[in-house]
Amino acid sequence: METTPVFTPDQLMMPETIADPYPAYRQFRHQTPLNYVHVPGGIFPGVEEPIRAWALMKYADVYGALRDHDTFSSARNPLIEKGVFPPLALITDDPPRHTRFRRLVNKAFTLKRIEALTPWITTVANTLLDEMGTGEKELVQSYNIPLPVKVIARLLGIPGEEYPTFKRWSDAFIASLVSMPPEERMQNTQEMITYFGQMAAARRAHGAEDLITALVEAEIEGESLEDWEILGFCMLLLIAGNETTTNLMSNMFNVLVDRPALWQRLRQDRSLVEPVIEETLRYEGPVRVLLRSTTRDVVVSGVHIPQGEMLGIFYGAANRDPDGFPNPDEFRLDRDLRNHVAFGMGIHYCLGAPLARAEAMITLNAFLDRFPTITRGSIPAVRQTASPIVFGFEKLPLVLIARGH
Amino acid sequence: MRLVIDHNKCRKVGQCHYLHPELFRADQDGSPIVLIERPGEELREAVEEAVDLCPSGAIALKEG
Chain A
5 METTPVFTPD
15 QLMMPETIAD
25 PYPAYRQFRH
35 QTPLNYVHVP
45 GGIFPGVEEP
55 IRAWALMKYA
65 DVYGALRDHD
75 TFSSARNPLI
85 EKGVFPPLAL
95 ITDDPPRHTR
105 FRRLVNKAFT
115 LKRIEALTPW
125 ITTVANTLLD
135 EMGTGEKELV
145 QSYNIPLPVK
155 VIARLLGIPG
165 EEYPTFKRWS
175 DAFIASLVSM
185 PPEERMQNTQ
195 EMITYFGQMA
205 AARRAHGAED
215 LITALVEAEI
225 EGESLEDWEI
235 LGFCMLLLIA
245 GNETTTNLMS
255 NMFNVLVDRP
265 ALWQRLRQDR
275 SLVEPVIEET
285 LRYEGPVRVL
295 LRSTTRDVVV
305 SGVHIPQGEM
315 LGIFYGAANR
325 DPDGFPNPDE
335 FRLDRDLRNH
345 VAFGMGIHYC
355 LGAPLARAEA
365 MITLNAFLDR
375 FPTITRGSIP
385 AVRQTASPIV
395 FGFEKLPLVL
405 IARGH
Chain B
454 MRLVIDHNKC
464 RKVGQCHYLH
474 PELFRADQDG
484 SPIVLIERPG
494 EELREAVEEA
504 VDLCPSGAIA
514 LKEG
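Protein chains in written order, with my numbering: chain A, 5 to 409; chain B, 454 to 517.
Keep in mind that the hints were calculated from the coordinates and are not lab data.
As the structure is a computational prediction, the values presented were derived from the model and not from experiment.
Wrong hints could be hidden among the right ones.
What the hints assert, rightly or not - 25 angstroms max Cα-Cα, derived DMTMM-like pairs, lysine to aspartate or glutamate:
1. K462(B) with D273(A)
2. K111(A) with D459(B)
3. K111(A) with E498(B)
4. K399(A) with D482(B)
5. K111(A) with D505(B)
6. K515(B) with D98(A)
7. K116(A) with E494(B)
8. K116(A) with D459(B)
9. K116(A) with E502(B)
10. K465(B) with E52(A)
11. K462(B) with D340(A)
12. K465(B) with E334(A)
13. K462(B) with D338(A)
14. K116(A) with E501(B)
15. K116(A) with E498(B)
16. K111(A) with E475(B)
17. K141(A) with D459(B)
18. K116(A) with E230(A)
19. K86(A) with E233(A)
20. K116(A) with E516(B)
21. K86(A) with E502(B)
22. K465(B) with D338(A)
23. K465(B) with E233(A)
24. K111(A) with E490(B)
25. K462(B) with D327(A)
26. K116(A) with D505(B)
27. K462(B) with D72(A)
28. K465(B) with E223(A)
29. K465(B) with D98(A)
30. K462(B) with E52(A)
31. K465(B) with D333(A)
32. K465(B) with D72(A)
33. K86(A) with E119(A)
34. K116(A) with E495(B)
35. K141(A) with E495(B)
36. K465(B) with E119(A)
37. K462(B) with E313(A)
38. K111(A) with E502(B)
Whenever a hint applies, use it, and build me the whole structure from the sequences.
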């Protein structure tokens, strides 16, 4: 008989729960909003007291909070206030500042712009696959990391060959301090800031067809962006542009490798590629939790939450709420796939959603073209636990079997 | 020109009425409602931006 694991709320941000969060979500969802430790005390320099927040896990609560940005503000982040992180653009902004900034970069990520990039992304994907070959491969390092980093690097206008460096900066930024000493994190962040500062200066001198040029030339109500604002944008786009897509693709292949019949159906009927990606986003979306804060006293599911409190929005928990999705723990293509909150909802809805979807689609189609069969590798897959905010894999060994083998 | 929403494609994300409250509003369940079905030429730029920015590709501008 299956026993129900018993978690305490303070385990929500601990490695074992990061690796496998759904049992804890099942246990806690009906009790939410629930107060928990979002960041333990004493691990970040200058943050001695734990940072507590209210976990939102019900679909209706999460959807409601994401759509009500006046009550649930994005502008407060205790770790940024304490100087642990530099401020990022957009995700830590409220209107009207958010509106002006979003408008500035929106055009680079529209469906139309992403469609125009599709042939180039396909070439990058196929080049990586040519280099990778067939047989047993560790997919995270050999494909799922390099593709999104190369793509976002090109959009920003930074050389794609340096992608291991960008990945290191980005990992350091989202890592919990449990997994990385503070000095190492600070050094990585400092390197990233210096690098983007130099890139911005270079683009001021000589413009190019890229996002960094667009940012240095942009004017909002007659004023140029400050250097720290440009840095905030570059860091946001670099970090958000790769961690999430890497983990989306890892989660997708992890689901598909155990469903050989679905793999065969997909090979026959490519109209299923899009639903598979949307259901992966719902079933195992790559973003675990992001923060909001209350701008007034508010009642959520009968719980009174005072003004000025932090809230953790648990996207994956909402996406498995039986009140939002019947049989939520089953991976099924025959449900309404439009309602998941894997990319958020409302004003902060993922800017890069069309790009992430395109990368996942191009990738899945390219794998289906090449590999009639995929199976698990000889060593086990390893879930990532370094970052409490993403859900994905550190290692995903797969055997890629090509035609005629 | 006529501004239309394909509610089968719409994910009720809310970008349209956030960025263009002059053209859209949300009903109780978050579904967008077109406020000006036949926007004039003076609104063309806003309308084209709204069409472009919908992450679900659910907004279209039809001639006639």
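Against the structure, the hints:
1. K462(B) with D273(A): holds, 21 angstroms
2. K111(A) with D459(B): OK: K111(A) and D459(B) at ~21 angstroms, within 25 angstroms.
3. K111(A) with E498(B): holds, 13 angstroms
4. K399(A) with D482(B): Between K399(A) and D482(B) the Cα gap is close to 41 angstroms, so the pair fails against 25 angstroms, i.e. violated.
5. K111(A) with D505(B): holds, 8 angstroms
6. K515(B) with D98(A): violated, 34 angstroms
7. K116(A) with E494(B): Roughly 22 angstroms separates the two Cα atoms, so the pair holds.
8. K116(A) with D459(B): The given pair, whose Cα atoms are some 17 angstroms apart, holds under the 25 angstroms limit.
9. K116(A) with E502(B): Holds. K116(A) to E502(B) sits at ~12 angstroms (cutoff 25 angstroms).
10. K465(B) with E52(A): Distance ~41 angstroms between K465(B) and E52(A) Cα, so the pair is violated.
11. K462(B) with D340(A): holds, 11 angstroms
12. K465(B) with E334(A): holds, 24 angstroms
13. K462(B) with D338(A): holds, 16 angstroms
14. K116(A) with E501(B): holds, 12 angstroms
15. K116(A) with E498(B): Holds, at roughly 16 angstroms.
16. K111(A) with E475(B): Holds: K111(A) and E475(B) sit about 20 angstroms apart, inside 25 angstroms.
17. K141(A) with D459(B): Status violated; Cα separation ~42 angstroms.
18. K116(A) with E230(A): violated, 29 angstroms
19. K86(A) with E233(A): Status holds; Cα separation ~18 angstroms.
20. K116(A) with E516(B): Given that 25 angstroms is the threshold and the Cα spacing comes to 20 angstroms, the pair holds.
21. K86(A) with E502(B): At roughly 38 angstroms apart (the allowed maximum being 25 angstroms), E502(B) and K86(A) break the hint.
22. K465(B) with D338(A): Distance ~20 angstroms between K465(B) and D338(A) Cα, so the pair holds.
23. K465(B) with E233(A): violated, 30 angstroms
24. K111(A) with E490(B): holds, 24 angstroms
25. K462(B) with D327(A): holds, 22 angstroms
26. K116(A) with D505(B): Roughly 7 angstroms separates the two Cα atoms, so the pair holds.
27. K462(B) with D72(A): Cα-Cα ~23 angstroms, so holds.
28. K465(B) with E223(A): Distance of about 30 angstroms is beyond 25 angstroms: violated.
29. K465(B) with D98(A): Holds: K465(B) and D98(A) sit about 20 angstroms apart, inside 25 angstroms.
30. K462(B) with E52(A): At roughly 48 angstroms apart (the allowed maximum being 25 angstroms), E52(A) and K462(B) break the hint.
31. K465(B) with D333(A): At roughly 24 angstroms apart (the allowed maximum being 25 angstroms), D333(A) and K465(B) satisfy the hint.
32. K465(B) with D72(A): Satisfied, since the Cα-Cα distance of roughly 13 angstroms is no more than 25 angstroms.
33. K86(A) with E119(A): violated, 41 angstroms
34. K116(A) with E495(B): Roughly 23 angstroms separates the two Cα atoms, so the pair holds.
35. K141(A) with E495(B): Between K141(A) and E495(B) the Cα gap is close to 56 angstroms, so the pair fails against 25 angstroms, i.e. violated.
36. K465(B) with E119(A): Status holds; Cα separation ~22 angstroms.
37. K462(B) with E313(A): Not satisfied, since the Cα-Cα distance of roughly 36 angstroms exceeds 25 angstroms.
38. K111(A) with E502(B): holds, 9 angstroms
Consistency note: the structure conflicts with the earlier hints numbered 4, 6, 10, 17, 18, 21, 23, 28, 30, 33, 35 and 37.
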